[in-house]
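Engineer: Sequence:
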Amino acid sequence: MHISKHVFVAGAFAALAAWPAFAGAYGVDLVNKIMVYAILALSLELLVGTTGLVCFGQAAFFGIGAYAAVLLSPESAPASIAWLLPAAMLAAGAFALVVGSLSLRTKGVYFIMVTLAFAQMAYYVVHDTPLGGGSDGIYLYIKPTLSTLVDLDSPLQLYAFTWFCLAAVFALLALTLRSPFGRALAGIRVNEQRMRATGFSTYPYKLAAFTLSGVIAGLAGFLFAVKDGYVNPEMLSWHLSGAVLIMIIFGGLGHLRGALIGAFAFALVQEFFKSEAVFGAFAKHWHLGLGFTIILSAALLPRGLVHVPAQIRERLTGRRAVPRDPVATIRKGARHGIV
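Residue numbers for the sequence shown follow the working numbering, beginning at 1 and rising by one.
Don't read these hints as lab results, they were simulated from the structure.
A couple of the hints might just be wrong.
Straight-line alpha carbon distances no greater than 27 Å define the calculated DSS-like cross-link-like pairs of lysine-lysine that follow [to be verified]:
(1) K33 to K143
(2) K284 to K274
(3) K284 to K107
(4) K33 to K274
(5) K33 to K5
Modelling step: build the complete structure from the supplied sequences, incorporating the hints.
Structural biologist: Structure, rendered in structure tokens:
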């Protein structure tokens with residue numbers, strides 16, 4: 001990664017860390033929510049941008065993590081983050097393992113439809129049964145703590161905890177993508193048939209990526225449930241899966257920072273068109289403005305916001321950078337015993 005990219009990421013996280021010192025309660029809550037969506041976007045980026053698996057059921061893992069956080073919390077005392085957070089992530093990861101083990105036997109549009117079908121099954125389980133409180137959802141009355149160190153009932157402590165989780169997920173995925181496992185996933189995205197020809201069994205790699213993606217989405221669900229103190233079936237709906245897919249495309253596929261940029265850009269554009277101070281009565285039709293913005297960005301920025309500097313540079317120099325071949329990199333690494 002070029003040093004400028006490191007500087008951008010470090011600067012972005014530093015700005016997020018300093019944000020509560022300058023923002024009010026609404027601003028802190030808004031950015032906290034966007035950071036949760038950024039974690040969810042990073043989980044989907046691992047599948048779509050890195051492995052080439054277009055999953056349309058990411059909201060199911062997000063929702064299961066959220067529901068697990070609420071259902072497992074005691075009613076009379078705060079739960080410990082030390083066990084509640086891993087439990088929520090494990091619940092989402094277990095469902096992702098089951099879904100992945102079956103859906104990864106299909107490809108293309110069939111894979112998309114199978115993941116969507118599993119997500120809708122999970123949606124109707126919480127929507128139509130007493131387990132999830134039906135369409136009314138359920139409340140988290142007492143938020144979890146970690147001894148006397150962390151109390152997530154405090155907005156500032158919750159913000160700091162979310163920031164830490166976002167930084168940890170970003171660092172974990174950055175290290176993963178630079179590892180032999182990450183290079184194998186990149187090779188699968190480019191040409192799975194060539195990867196098999198070089199001796200790789202691609203199914204275990206894809207299943208591992210799918211499960212890890214579910215675990216990270218479960219983390220985002222846990223944070224969202226704690227932030228709002230409330231969960232409902234809409235958290236598992238296909239609308240959210242579609243919105244997260246738009247986020248990573250908006251930001252730029254194939255880049256972790258693209259998922260961050262996309263999540264923040266999507267949420268802020270949404271808030272902009274919802275603003276009655278700016279649009280007055282038209283604010284209730286905010287979907288129109290958001291849709292027009294997405295169409296415009298797809299036409300003008302086909303590679304996403306993360307590639308805007310590169311596009312400007314290409315227009316000035318008239319040259320376009322040639323991407324490296326991940327499969328050739330994998331093959332070279334295998335010859336040297338790296339993979």
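Engineer: Determine for every hint whether it applies to the structure shown.
Structural biologist: Comparing the hints with the structure gives:
no.: 1; hint: K33 to K143; in the structure: 16 Å, holds
no.: 2; hint: K284 to K274; in the structure: 7 Å, holds
no.: 3; hint: K284 to K107; in the structure: 39 Å, violated
no.: 4; hint: K33 to K274; in the structure: 16 Å, holds
no.: 5; hint: K33 to K5; in the structure: 24 Å, holds
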